[in-house]
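Visitor: Here is how the chains run, residue by residue.
Protein chains: 2
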Amino acid sequence: MNIEIVNTGSELMLGRVLNTHQQWLCRQLADMGWVVSRQVAVDDTAEAIAAAVSEALRRADLVITTGGLGPTSDDRTRAVIASLLGVKLRQDEAVLARIQGYFTARKRPMVESTRVQALVPEGATVLLNQHGTAPGLVMQVNDPAGGPVRRLAMLPGPPRELRPMFTCQVAPLLRAAWGADTRFACRTLRTTGLGESLVEERIAPRLEPLTQAGLQLGYCARIGEVDVRLAAAGPNGSRVVAEAENAVRSLLGDWIFGVDDEALEEVVIRELTARRLTVATAESCTGGMISHRLTNVPGASAVFWGGVVSYANAAKELLLGVSPALLAEHGAVSEPVVRAMAEGARRRSGADYALAVTGIAGPGGGSEGKPVGTVFIGLAGPQDTVAARHLNPFDRETFKWATSQQALELLRRALLKQESPPA
Amino acid sequence: MNIEIVNTGSELMLGRVLNTHQQWLCRQLADMGWVVSRQVAVDDTAEAIAAAVSEALRRADLVITTGGLGPTSDDRTRAVIASLLGVKLRQDEAVLARIQGYFTARKRPMVESTRVQALVPEGATVLLNQHGTAPGLVMQVNDPAGGPVRRLAMLPGPPRELRPMFTCQVAPLLRAAWGADTRFACRTLRTTGLGESLVEERIAPRLEPLTQAGLQLGYCARIGEVDVRLAAAGPNGSRVVAEAENAVRSLLGDWIFGVDDEALEEVVIRELTARRLTVATAESCTGGMISHRLTNVPGASAVFWGGVVSYANAAKELLLGVSPALLAEHGAVSEPVVRAMAEGARRRSGADYALAVTGIAGPGGGSEGKPVGTVFIGLAGPQDTVAARHLNPFDRETFKWATSQQALELLRRALLKQESPPA
Numbered sequence: 001m002n003i004e005i006v007n008t009g010s011e012l013m014l015g016r017v018l019n020t021h022q023q024w025l026c027r028q029l030a031d032m033g034w035v036v037s038r039q040v041a042v043d044d045t046a047e048a049i050a051a052a053v054s055e056a057l058r059r060a061d062l063v064i065t066t067g068g069l070g071p072t073s074d075d076r077t078r079a080v081i082a083s084l085l086g087v088k089l090r091q092d093e094a095v096l097a098r099i100q101g102y103f104t105a106r107k108r109p110m111v112e113s114t115r116v117q118a119l120v121p122e123g124a125t126v127l128l129n130q131h132g133t134a135p136g137l138v139m140q141v142n143d144p145a146g147g148p149v150r151r152l153a154m155l156p157g158p159p160r161e162l163r164p165m166f167t168c169q170v171a172p173l174l175r176a177a178w179g180a181d182t183r184f185a186c187r188t189l190r191t192t193g194l195g196e197s198l199v200e201e202r203i204a205p206r207l208e209p210l211t212q213a214g215l216q217l218g219y220c221a222r223i224g225e226v227d228v229r230l231a232a233a234g235p236n237g238s239r240v241v242a243e244a245e246n247a248v249r250s251l252l253g254d255w256i257f258g259v260d261d262e263a264l265e266e267v268v269i270r271e272l273t274a275r276r277l278t279v280a281t282a283e284s285c286t287g288g289m290i291s292h293r294l295t296n297v298p299g300a301s302a303v304f305w306g307g308v309v310s311y312a313n314a315a316k317e318l319l320l321g322v323s324p325a326l327l328a329e330h331g332a333v334s335e336p337v338v339r340a341m342a343e344g345a346r347r348r349s350g351a352d353y354a355l356a357v358t359g360i361a362g363p364g365g366g367s368e369g370k371p372v373g374t375v376f377i378g379l380a381g382p383q384d385t386v387a388a389r390h391l392n393p394f395d396r397e398t399f400k401w402a403t404s405q406q407a408l409e410l411l412r413r414a415l416l417k418q419e420s421p422p423a
Numbered sequence: 001m002n003i004e005i006v007n008t009g010s011e012l013m014l015g016r017v018l019n020t021h022q023q024w025l026c027r028q029l030a031d032m033g034w035v036v037s038r039q040v041a042v043d044d045t046a047e048a049i050a051a052a053v054s055e056a057l058r059r060a061d062l063v064i065t066t067g068g069l070g071p072t073s074d075d076r077t078r079a080v081i082a083s084l085l086g087v088k089l090r091q092d093e094a095v096l097a098r099i100q101g102y103f104t105a106r107k108r109p110m111v112e113s114t115r116v117q118a119l120v121p122e123g124a125t126v127l128l129n130q131h132g133t134a135p136g137l138v139m140q141v142n143d144p145a146g147g148p149v150r151r152l153a154m155l156p157g158p159p160r161e162l163r164p165m166f167t168c169q170v171a172p173l174l175r176a177a178w179g180a181d182t183r184f185a186c187r188t189l190r191t192t193g194l195g196e197s198l199v200e201e202r203i204a205p206r207l208e209p210l211t212q213a214g215l216q217l218g219y220c221a222r223i224g225e226v227d228v229r230l231a232a233a234g235p236n237g238s239r240v241v242a243e244a245e246n247a248v249r250s251l252l253g254d255w256i257f258g259v260d261d262e263a264l265e266e267v268v269i270r271e272l273t274a275r276r277l278t279v280a281t282a283e284s285c286t287g288g289m290i291s292h293r294l295t296n297v298p299g300a301s302a303v304f305w306g307g308v309v310s311y312a313n314a315a316k317e318l319l320l321g322v323s324p325a326l327l328a329e330h331g332a333v334s335e336p337v338v339r340a341m342a343e344g345a346r347r348r349s350g351a352d353y354a355l356a357v358t359g360i361a362g363p364g365g366g367s368e369g370k371p372v373g374t375v376f377i378g379l380a381g382p383q384d385t386v387a388a389r390h391l392n393p394f395d396r397e398t399f400k401w402a403t404s405q406q407a408l409e410l411l412r413r414a415l416l417k418q419e420s421p422p423a
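Just so you know, the protein sequences line up as chains A and B, in that order. Numbering-wise (my numbering), the first sequence opens with residue 1 and increments by one. Numbering-wise (my numbering), the second sequence opens with residue 1 and increments by one.
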């Protein structure tokens with residue numbers, strides 16, 4: 001099945017709003033076995049909408065539009081589509097009653113402009129909106145050249161209206177119309193610590209026979225992370241992807257920290273929980289990002305004791321007991337200091353592990369021996385204290401991200417060496 | 001000028017990655033006076049890339065592609081474009097030397113597959129990559145029908161490579177080629193603490209005459225923030241936007257915390273710096289997000305002392321001196337405890353202000369009197385300690401964001417009452 005998405009909205013063309021519909025819709029469709037072939041976004045003039053939709057209808061079995069169904073004057077999708085397909089708009093009494101009920105329930109007078117949302121193209125199926133006043137619309141479009149019938153689904157722009165409408169109303173329609181025998185298997189293996197080209201060098205030759213068998217292999221490199229994406233369509237898709245996953249796991253081993261949408265902090269919290277271990281943090285240059293990431297994970301409170309953000313040297317002395325002499329001798333960004341931070345945090349908190357970072361985020365503060373981007377990471381644990389040095393010569397936010405990634409990975413690898421206790 | 005963007009990547013079609021290039025590029029171009037007319041995203045097969053780029057070249061004066069310039073086998077843009085335009089690829093020695101230097105600087109052997117990135121289409125201008133190995137490329141494309149020359153800019157996919165390359169190399173090329181006489185004025189006023197409909201109710205009637213004069217008025221509501229976007233094209237655009245800004249400022253006053261891309265944490269750091277004041281944090285339910293946000297701002301180290309993430313009760317006692325009796329009597333999520341946290345952090349750090357939060361992020365932990373989402377925020381300052389209670393009944397990450405926003409806003413409003421010292 002050939003699917004295209006058309007997003008409309010001048011705010012998209014002006015770059016004022018981030019378009020999250022494309023990823024969300026593509027992900028939902030992929031999970032059902034259908035891959036979108038094109039995403040198009042245009043402004044909300046009638047000409048642009050008509051051009052984008054009519055081009056998409058020439059190519060695709062299904063065209064999904066988003067936006068332009070609201071009550072204001074820049075909401076043109078309804079009228080443009082009706083005109084494009086040569087059908088009339090009719091007032092839908094059920095939709096009108098629902099709009100009136102929406103205002104009654106909120107004890108507000110009905111705004112007259114919202115009435116336009118009850119106009120629907122002749123022949124359209126109405127999708128009721130559980131979270132707003134604009135209904136969605138689905139139409140069948142006959143190919144004048146006698147080809148297969150096309151479908152056009154028009155969805156409202158706000159994500160909290162679009163998402164449940166797609167899940168509860170559009171997806172079942174598609175499953176009923178197309179069946180679900182188009183299978184599409186997809187697995188993402190997430191690695192940290194290796195560069196993209198090194199990852200490919202290690203795994204691509206071994207996967208070559210599977211790509212002959214339909215494996216689609218993709219890489220996505222971000223700072224501190226390289227994803228390997230394994231996908232395959234058809235009845236053998238799941239088997240091909242499973243075989244590929246086994247091969248990649250045997251080649252990359254512990255470099256793989258998680259799968260699919262798993263973040264490194266989720267894996268760390270899970271491993272701590274499984275071993276009934278706790279962690280505390282002592283952050284300088286990451287400024288709280290590590291504890292922020294850990295506490296994004298539900299259940300973190302059972303294994304995360306807390307932490308300190310010892311930004312100033314005085315904070316390192318007061319909160320962690322790092323001695324002024326040590327700071328003076330080696331400087332705040334040094335291996336002895338990061339060890340003292342980790343050990344101080346572990347001693348004071350009583351946690352099983354304490355993770356510490358100190359570094360030079362820049363733009364200022366670098367020197368020849370310790371350029372901007374230099375980071376020391378320390379981990380104090382039940383057996384010993386380990387420390388690592390990294391160079392992350394990035395802008396401030398990327399520096400913080402890369403450093404937090406390296407610190408969490410140091411903890412994850414230490415946990416892998418610890419046996420899980422019996423359940 | 002007619003501009004189109006073509007993003008390539010199967011990860012986009014499978015919904016595995018959020019496409020942030022469109023918004024970023026559109027925003028940059030709009031700020032220079034050019035509005036993008038179409039965004040297209042396709043997978044990274046040669047056919048899809050060739051179709052999307054050749055269609056775009058028929059319509060647009062400038063086509064910007066993103067992605068597909070890396071070293072792996074799914075990076076096809078370079079070769080597809082060369083073939084589409086009927087030119088050969090040549091090895092660029094300067095690019096090759098740069099790639100070799102990249103590996104040498106990192107003390108790693110050069111991976112052979114990266115060599116492909118030194119291949120550039122004949123006639124292309126090479127854009128050196130400050131943050132990676134893949135160069136960008138700019139080509140002029142002559143219209144066979146004798147129309148004006150088209151431009152094609154190919155940029156690498158990783159945002160931290162694409163963004164500086166666009167800003168430092170592509171934007172100057174465009175300004176030189178097209179001039180900058182297309183004027184488009186745009187100003188965003190950022191508010192926190194008021195709902196979207198309340199903001200609109202307050203300002204829309206007064207702005208009505210200016211919308212007649214060409215003002216484009218837009219709202220963007222996110223959790224804890226409502227942006228008012230004022231835009232106008234043409235020679236009077238700047239005047240219209242300035243008049244609208246004055247009107248909105250007189251109506252919304254202190255509810256406006258910043259303009260354009262200014263984040264609340266930037267404003268807070270700026271106001272602290274101007275008054276030579278310092279702040280410490282004591283975070284429970286936000287888990288370090290407040291200190292993370294503050295330390296994202298360059299220069300934070302001059303005014304941010306540090307903080308504690310007192311997630312466990314033991315951490316509140318040990319790090320902040322909150323008495324076990326107070327915790328037992330009122331519970332960790334209470335006004336007396338947040339006041340004690342703020343005062344303890346201020347006393348121990350010696351900072352001028354200390355900001356404390358404690359709350360119930362959920363999903364568990366709520367009660368009838370204190371449902372999930374309940375938050376107490378405390379601010380201890382030179383004159384007194386103030387506390388506020390909020391209800392943020394959202395998912396975990398949104399809860400943390402909304403709470404950090406309310407806490408930073410409490411500090412910003414306290415600072416506004418403090419005179420700046422003489423320079």
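It cannot be assumed that every hint is accurate.
Just so you know, same-sequence chains aren't split out, so a pair can sit in one copy or run between any two.
[As the list claims (entries may be wrong)] Listed next, the in silico EDC-like pairs over lysine to aspartate or glutamate satisfying Cα-Cα at most 20 Å (straight line):
hint: 1; residue 1: 107; residue 2: 201
hint: 2; residue 1: 107; residue 2: 196
hint: 3; residue 1: 107; residue 2: 368
hint: 4; residue 1: 417; residue 2: 47
hint: 5; residue 1: 107; residue 2: 200
hint: 6; residue 1: 417; residue 2: 397
hint: 7; residue 1: 88; residue 2: 261
hint: 8; residue 1: 370; residue 2: 243
hint: 9; residue 1: 88; residue 2: 201
hint: 10; residue 1: 370; residue 2: 266
hint: 11; residue 1: 88; residue 2: 262
hint: 12; residue 1: 370; residue 2: 262
hint: 13; residue 1: 370; residue 2: 395
hint: 14; residue 1: 88; residue 2: 47
hint: 15; residue 1: 107; residue 2: 43
hint: 16; residue 1: 417; residue 2: 143
hint: 17; residue 1: 370; residue 2: 384
hint: 18; residue 1: 107; residue 2: 419
Read the hints as simulated data drawn from the structure, not as lab findings.
Visitor: Each of the hints needs a verdict: does it hold here or not?
Guide: Right, here's what the structure says about each hint:
In this assembly of identical chains, the alpha carbons of residue 107 and residue 201 lie at most 20 Å apart only when taken from different copies (17 Å versus 61 Å within one copy). In this assembly of identical chains, the alpha carbons of residue 107 and residue 196 lie at most 20 Å apart only when taken from different copies (16 Å versus 54 Å within one copy). When the C-alpha separation of residue 107 and residue 368 is checked against a cutoff of 20 Å, the pair qualifies only between copies, where the shortest distance is 17 Å, while the shortest distance within a copy is 60 Å. For the identical chains of this complex, residue 417 and residue 47 are neighbours neither inside a copy (62 Å) nor across copies (48 Å), given an alpha-carbon limit of 20 Å.
Taking the shortest Cα distances, residue 107 and residue 200 sit within 20 Å of each other only across copies (19 Å), while inside one copy they are farther apart (57 Å). In the homo-oligomer, the alpha carbons of residue 417 and residue 397 never lie at most 20 Å apart, since the shortest distance is 31 Å inside one protomer and 31 Å across protomers. For the identical chains of this complex, residue 88 and residue 261 are neighbours neither inside a copy (43 Å) nor across copies (40 Å), given an alpha-carbon limit of 20 Å. Taking the closest pair of Cα atoms, residue 370 and residue 243 never come within 20 Å of each other, the shortest separation being 45 Å inside a single copy and 50 Å across copies.
For a Cα distance limit of 20 Å, the shortest separation of residue 88 from residue 201 qualifies neither inside one copy, at 59 Å, nor across copies, at 27 Å. In this homomeric assembly, residue 370 and residue 266 never come within 20 Å of each other (Cα to Cα): the closest approach is 32 Å inside a single copy and 28 Å across copies. Taking the shortest Cα distances, residue 88 and residue 262 never come within 20 Å of each other, neither inside one copy (46 Å) nor across copies (43 Å). Proximity of residue 370 to residue 262 under the C-alpha cut-off of 20 Å is found in neither arrangement, the shortest distances being 34 Å within a copy and 32 Å between copies.
For the homomeric pair residue 370 and residue 395, the shortest alpha-carbon distance inside one copy (16 Å) is at most 20 Å, but the shortest distance between copies (41 Å) is not. Taking the closest pair of Cα atoms, residue 88 and residue 47 come within 20 Å of each other only inside a single copy of the chain (18 Å); across copies the shortest separation is 38 Å, beyond that limit. Taking the shortest alpha-carbon separations for residue 107 and residue 43, neither the intra-copy value of 35 Å nor the inter-copy value of 48 Å comes in at or below 20 Å. Proximity of residue 417 to residue 143 under the C-alpha cut-off of 20 Å is found in neither arrangement, the shortest distances being 62 Å within a copy and 63 Å between copies.
In this assembly of identical chains, the alpha carbons of residue 370 and residue 384 never lie at most 20 Å apart, being 26 Å within a copy and 42 Å across copies at closest. For the identical chains of this complex, residue 107 and residue 419 are neighbours neither inside a copy (53 Å) nor across copies (35 Å), given an alpha-carbon limit of 20 Å.
Figure legend: structure checked against the earlier numbered hints; hints not met, in rising order: 4, 6, 7, 8, 9, 10, 11, 12, 15, 16, 17 and 18.
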